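Asks: So the chains spell out like this:
Number of protein chains: 6
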Amino acid sequence: MLDQSDLIDLQKSNSVDHFLMIRKLELRNTKAGKDYLSLELGDKSGSLSANVWSDTKGFDKISNKGDVGMVVKVLGTIEEYQGNSQLKIKSIRLTEIKDGVNPQDFLPKSIRNPDEMEEELLSRIKMISDDYLRELLTNVFKDDRLEKFKKAPAGKSWHHANIHGLIEHTLEMIRICDLMCDIHFELNRDLLITGTMLHDFGKTEELSYDSAFEYSDKGKLIGHIVICASMIEAEAKQIPGFPEELKNLVIHLVLSHQGKLEYASPVIPKTLEAIALYQADELSAKVNAYKSTLKSEKSIRGNWTKFIHLAQTDLYKHEEPDELNEETKESLFD
Amino acid sequence: MLDQSDLIDLQKSNSVDHFLMIRKLELRNTKAGKDYLSLELGDKSGSLSANVWSDTKGFDKISNKGDVGMVVKVLGTIEEYQGNSQLKIKSIRLTEIKDGVNPQDFLPKSIRNPDEMEEELLSRIKMISDDYLRELLTNVFKDDRLEKFKKAPAGKSWHHANIHGLIEHTLEMIRICDLMCDIHFELNRDLLITGTMLHDFGKTEELSYDSAFEYSDKGKLIGHIVICASMIEAEAKQIPGFPEELKNLVIHLVLSHQGKLEYASPVIPKTLEAIALYQADELSAKVNAYKSTLKSEKSIRGNWTKFIHLAQTDLYKHEEPDELNEETKESLFD
Amino acid sequence: MLDQSDLIDLQKSNSVDHFLMIRKLELRNTKAGKDYLSLELGDKSGSLSANVWSDTKGFDKISNKGDVGMVVKVLGTIEEYQGNSQLKIKSIRLTEIKDGVNPQDFLPKSIRNPDEMEEELLSRIKMISDDYLRELLTNVFKDDRLEKFKKAPAGKSWHHANIHGLIEHTLEMIRICDLMCDIHFELNRDLLITGTMLHDFGKTEELSYDSAFEYSDKGKLIGHIVICASMIEAEAKQIPGFPEELKNLVIHLVLSHQGKLEYASPVIPKTLEAIALYQADELSAKVNAYKSTLKSEKSIRGNWTKFIHLAQTDLYKHEEPDELNEETKESLFD
Amino acid sequence: MLDQSDLIDLQKSNSVDHFLMIRKLELRNTKAGKDYLSLELGDKSGSLSANVWSDTKGFDKISNKGDVGMVVKVLGTIEEYQGNSQLKIKSIRLTEIKDGVNPQDFLPKSIRNPDEMEEELLSRIKMISDDYLRELLTNVFKDDRLEKFKKAPAGKSWHHANIHGLIEHTLEMIRICDLMCDIHFELNRDLLITGTMLHDFGKTEELSYDSAFEYSDKGKLIGHIVICASMIEAEAKQIPGFPEELKNLVIHLVLSHQGKLEYASPVIPKTLEAIALYQADELSAKVNAYKSTLKSEKSIRGNWTKFIHLAQTDLYKHEEPDELNEETKESLFD
Amino acid sequence: MLDQSDLIDLQKSNSVDHFLMIRKLELRNTKAGKDYLSLELGDKSGSLSANVWSDTKGFDKISNKGDVGMVVKVLGTIEEYQGNSQLKIKSIRLTEIKDGVNPQDFLPKSIRNPDEMEEELLSRIKMISDDYLRELLTNVFKDDRLEKFKKAPAGKSWHHANIHGLIEHTLEMIRICDLMCDIHFELNRDLLITGTMLHDFGKTEELSYDSAFEYSDKGKLIGHIVICASMIEAEAKQIPGFPEELKNLVIHLVLSHQGKLEYASPVIPKTLEAIALYQADELSAKVNAYKSTLKSEKSIRGNWTKFIHLAQTDLYKHEEPDELNEETKESLFD
Amino acid sequence: MLDQSDLIDLQKSNSVDHFLMIRKLELRNTKAGKDYLSLELGDKSGSLSANVWSDTKGFDKISNKGDVGMVVKVLGTIEEYQGNSQLKIKSIRLTEIKDGVNPQDFLPKSIRNPDEMEEELLSRIKMISDDYLRELLTNVFKDDRLEKFKKAPAGKSWHHANIHGLIEHTLEMIRICDLMCDIHFELNRDLLITGTMLHDFGKTEELSYDSAFEYSDKGKLIGHIVICASMIEAEAKQIPGFPEELKNLVIHLVLSHQGKLEYASPVIPKTLEAIALYQADELSAKVNAYKSTLKSEKSIRGNWTKFIHLAQTDLYKHEEPDELNEETKESLFD
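Protein chains in written order, with this note's numbering: chain A, 1 to 334; chain B, 335 to 668; chain C, 669 to 1002; chain D, 1003 to 1336; chain E, 1337 to 1670; chain F, 1671 to 2004.
Derived from the structure by calculation, the hints contain no laboratory data.
All of these numbers come straight from a predicted model, not from anything done at the bench.
Please note: incorrect hints may appear among the correct ones.
Claimed, not checked - Computed Cβ-Cβ distance ranges for the label pairs, DEER-style:
1. Ser1552(E) with Asp343(B): 28 to 34 Å
2. Leu978(C) with Asp9(A): 56 to 62 Å
3. Asp1679(F) with Gln1006(D): 43 to 49 Å
4. Asp1775(F) with Lys317(A): 32 to 38 Å
5. Glu214(A) with Glu360(B): 52 to 58 Å
6. Ser673(C) with Asn1420(E): 48 to 54 Å
7. Ile676(C) with Ser550(B): 26 to 32 Å
8. Lys1144(D) with Ser1827(F): 38 to 44 Å
9. Ser1552(E) with Lys1812(F): 56 to 62 Å
10. Leu1792(F) with Asp9(A): 31 to 37 Å
11. Ser1827(F) with Lys1653(E): 38 to 44 Å
12. Asn1420(E) with Glu631(B): 24 to 30 Å
13. Lys1239(D) with Lys640(B): 31 to 37 Å
Stated by the list, open to error - Covered stretches of chain E, as calculated for chain F (at least 3 residues, CB under 8 Å):
14. 1508-1516
15. 1545-1558
16. 1563-1575
17. 1616-1628
Beta carbons are placed, not taken as given, at the ideal position from N, Cα and C, and that holds for glycine.
Work out the full structure: start from the sequences and follow the hints.
Replies: What follows is the structure in structure tokens.
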């Protein structure tokens, strides 16, 4: 890993001597006609904008050969422009092999260890009692597809928008859904857990996440929900005797998991498992989204963040849980 | 075909000596505890409700063996109850083989000839220039699937809710879309016509239409849009070299053809063909729905029908086009 | 307890010799001018409608002295009218002291033991680390208020609409919220659990639940949310040094727990705990509502219930979890 | 016509020696206090923004005498500023009579010939069978009103926003509506075509379109729908014996043609012709709007335009119809 | 006037010997096939439903010659059916000339004297300073049009749904708007009062109110808003020199007075007078609607009415203002 | 008071030698790295933005010690930047005691005299007949709370957003509500006027208004509606014998005064007084909001303001009422 401080921790006037990934790159010129590069540069903790003027050292190389997803080495300082931090760049260069940097180290990542998460997922699959469902899951979560699932983010920007975010979000939901099955024996645990594991699987194809997080063409034309439904349809056909009703119930869980037509689910929840899956997804997604928003947004006035569009409000940051409370951080019941 | 007058043409006090199909059947009793059968009986022109009392001739047979979809022979008269016509039944019996009736003759039907429509569809498929699309369509519209497509209604009750309604609606839309391609060369005609042919194909599985028109379990859990998307995904895989982008564009047409998320499309139209398909569907569906509503609804006050929920208004029936206008019924431009 | 079968288990033609509670009572007459009583009679498992004619034994007493909430003794049979079961009554009388029936036995009840639930609640209060919050909760949940909280339903008809439903719903949410705190240390556990315990407390005054479940005048004019907010405001004043910010955060949790203005929350969630509380409430409420709907609604066609207004769909009842699955009913992780 | 290249075809660094129309003109100064003119200059193909500094040749004349709608002669080059093209101006001057330019040549125009379109319209009017309707149309579409109708755009910016756009849009809708009458004899062709011709007629007064396309005061206070309704009311009074019901039906078509109250129609469609007119309008308007958006918007990422507000999505530009497809561009059925 | 008690004051078991107007009339028969007339009969205070059996005295005459709007003489008693009062009829006959009854006496009426209201209106017109507006109003409010305006209700059922209701509502709004002009000198009083007088004038043609209150065909196809706008357009043309801007502003007031597109205003308020007119209309209409609902609806449970659809709630009837308060009924400031 | 012209009256090029209040203050630097202060400076008539460069006289003092709410002395001129006026500053300094300026003089103020308004309010309270309500109001409107009520604005920016705006708005509503009581004796005048006086009282705590108008933390977490409801609950407890129903009715008026759930009222109006209060509030608020918008917004094109978000339209400024009309400015009926 890199031996440099995180961007998010740098203050005004700090000097910068960092490797950073190019997130956006545009060649522009001023009203007065002078060329410059408008960049967004980032590491795993966040990103900043920066302008590189035509007389800055390294300008020519970057404007000719630089591209989104490449890592550059930058010298400069942190400044403030219109209330936001930005990078003032003294020199910039493309990295070479001998720098030994890995682009993957520059994307935001889940705090959980991916291999541990993979193991948690696979051992949960083994606990599925229903043979058809266990075989379906075993076939889906292997090889390339498992690798993609382990790496993909759960979203472009709102919740779990980081590498490994999809598997992290899925595991959190499994814990919630298992608790709901503990409380309500009427829920078919195998069916609900299967739906939980598959519900966002289509995001492995809906999004691209090698350098920045973007929607793929297929993702925008078809969407992760239908991508996944077609995959289940095809996989179930490979398993001899897979019951038609069971297949339809699993696909129904995937199709209805966004809960409402206006949230792009083509059918709304019509089974007990479907309503549980939708509400568990909401609980996990919203708490994670608010948490990461509170982390990344500076308080503007007093304890308040700026207006957050997806929450339709500004958010209030109260004190961290105090010492007394910290003792209770461990689960009370495990 | 049957040699009997249509239900819709019968007036109060007319006597009835008809074969009719059972659309609904329920055994009830009155507050006073007397048994009776509550029936809905119909032919291809419409249906009426009728009560069969326990002392009516034939009551026992029907209550023991009668079921939805069977055809019965009925003697009785037309009466009026709370402003609606109903059947007063003197005797009722199940049909036998020697009656020679065919249940299919008792379902509402398109006025167009189904074989002519099939030929029109198949010859239009042959005019598709793109080899991949033409092969896709040829594979879809054959054998059992073609038979189903030819027979299915386009909806449960609102528009084209009759046998052969799906192919009739599809052909009307093809004419509209071909006209739009005549006017706007920017539209990719092959792509648009392919999408038009497939857009409601999933209704062959979403609905059941052997006796009454109902949604199937699969139809309610998955819906005709995703049923069709998965079929295209599978069919395209069978055609060597079928371009990925082309496949996604065809699926996009099917997925977005209801135009808005709240109308159960999981993606909204994002191509020129997609917006044309959605709006052509609206034009065909709405005109047909209003037309059949005006035909089946009696005027209540003056020229007005009752309040029509799906139109969110009552409708005004003005005079039929007069003689002069009838001369213009033929197309002015053909 | 009563030694009689549950209403919900009775079939057509079964005879009835039951104590039942009057849920509705209206004196009507037929078009022909004959008097009768239109009743709804129920036990803890459900209720049925029944007509008592003026010549039925006991008619006079009931029409003069009967009232909602009283228990009557009824002889009769189960019949079917327009597809629904109803009671055909041969004789009816008011209960006397010597019958030894307790009206409370005729209301639907939580399946959990109320004393166990009380103990679970009180011991969870003791685990609150923050002294102010623990004192606040201790003062609220005692004496009369605790008795009311233990008895009240969580709703009039949709979810947890039974005696002890409020405490049962609250404890389920505490389990969900504790799990969320296990996963996300950023949540202030004391604050979130305090808000969870109080969020629906105002329902003890919003609803009346001695005989049937109804809204009180105060409940309709003010609502449980503001009733509870004013109570917290008053209680916090009694605790010396209760921090203003902490009080506002607790009230905010109560005010915002329905999540959206259109759901009658006067403010929307603006803290991490507030969004967690809202979503945990949704998860618990929806799963319980769908579960009890599936239990009480007969399947009408195939596996489908009738259209459920609050779910905006009909619901699908699939098979009970099979034997294999039942082994997994115990929590996998406890 | 002008002998100069179209603005839309110019690339970065191309030099400009063009007559252009002033679309917007504002005198501003920089933070540093220097004066400049902020202009939007355009021809029939599009428009660009440009700043003219106080030391640029021609600055004084333009800032004193220039105004929106005037044509200027400009020397300069195409540059890029923040991702958009703009004009860098070296000198600018007002045109003189000897330049021989006609302001009308600088507005976007329909690709169809206006005189042909006028003839198509007038000959279609002659085919109206109903004497009252034909006389009404003949009286409306003549002299000044015909000239305005021939020139006006159909909208400010969304669809058919060009000179002659209104008549072009109307003729497209007539073709669609005539096709619908061919298919559905229940439609009163005379009534529907009359409504089609008049539906947007009020736009001749709602918009001003001599230099830029703007709403007039009357247009904003009253709107094209009511402007047209009052005109029909007045014109029908001039025709002896014009039937009251027929007049109301024509006005109803105009009032309801936007289909929904929230789209500013004061009544919704209540006749078969009204629903056909509304849906045909939607079909023509949406296809034209998406078509011109795809034409004018550069693809930003891959095949996608920027987010288009009125479509509520970004749009996908796939390949032009290929050669094979082009053979099918001619109507298959004419 | 009639010397008989009001229908609304009659209790169960009271005998009836009344002249009443036929509001609805339908010939039906029972399931058992017996004919009867289903009637709604009313006086100015309200109306009741009644069945007349074929063996009731007078049945034949009424079923042959009776019609909506006629007055009949009825003998019978008040009974209760399913919680609602109804008339049990012993004999019924059509009225004759010698009965001396006037159908107008059987419609609900404003409590204010119509001639006083006319005078109040006309004298307020004379106070209009602007010559054009005063002349416009003088021309509109005279002869037949004045008579209609004086008689018409302001609505079909929701507010001021009684004879003279339109002028009463208009005068109430004039008082409110004059008060607003007293407070805010920026309001153009002449313009606002003119708009107030005309805003609902189209209701004189939108509704029919000779026997029952119904929408006319023209009312449903065009609506009172556009009916009035066209009338102003025509009337202003008759006044030489009437300023175009002033005419547009008056029409804008009429068009926008329902405030929102979804309430059927084709434009929303864009002037200070327009927003004042809309809000004053809301204030007058809502207070009157709730007042008359509270008057006509019996309390069902405690102090609550049934659910009122247009208010989207049930309403609470508290005590009448007490004696002390009554002293303040006179205006404090006049 | 200050002897200087109002900001709103200054034109381009006017020189400025004014005391002004700092409304916003931010230290920024340019792309080129030069420091400057971005300020908003205002007096009671409005505010302008201004940049202070690091080489401007006074820059250091202001950037070190200046803060929002302080008054500064400024020398400079009015300039225009991108169509908006701004201040070009030559020198700036903080005020000293000897300048004798009072920050309160720099906030926008109601045009009515606050002491007169206080007297009007208090004498209206004395006219309340009901002893409980009069005592409640007397206790609320005294000492500190009266001072705050007298000073507070009624809103942050939309209507009555000025010092003393809350009492001014309240008195306007009292006049409207008293008029409604004059017209409709069914309204309980005491109850309605009490609700009117209290409806926005919570804004004294919801907003802060010492320098700029902002929401307080408590205001954002709880809102003025619930703040006030809790206060009434507490105050009513202090008055022996205060009737429970009366208290609930007053609180209901406060809770429901925003009329709809989506406007943050936790209950909707359920009494006659509640609907009157809501609609009177709408009338007063909207007229004041449009009036002040028309006053502060420059006409951009012709008579039209820019698009006003809260009105969802641009607004039309017609001529001031002419001389003739001015004679009618006095109330016609007082």
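Asks: Please write out, lowest number first, the hints stated earlier that are contradicted by the structure.
Replies: 2, 6, 8, 10, 15, 16
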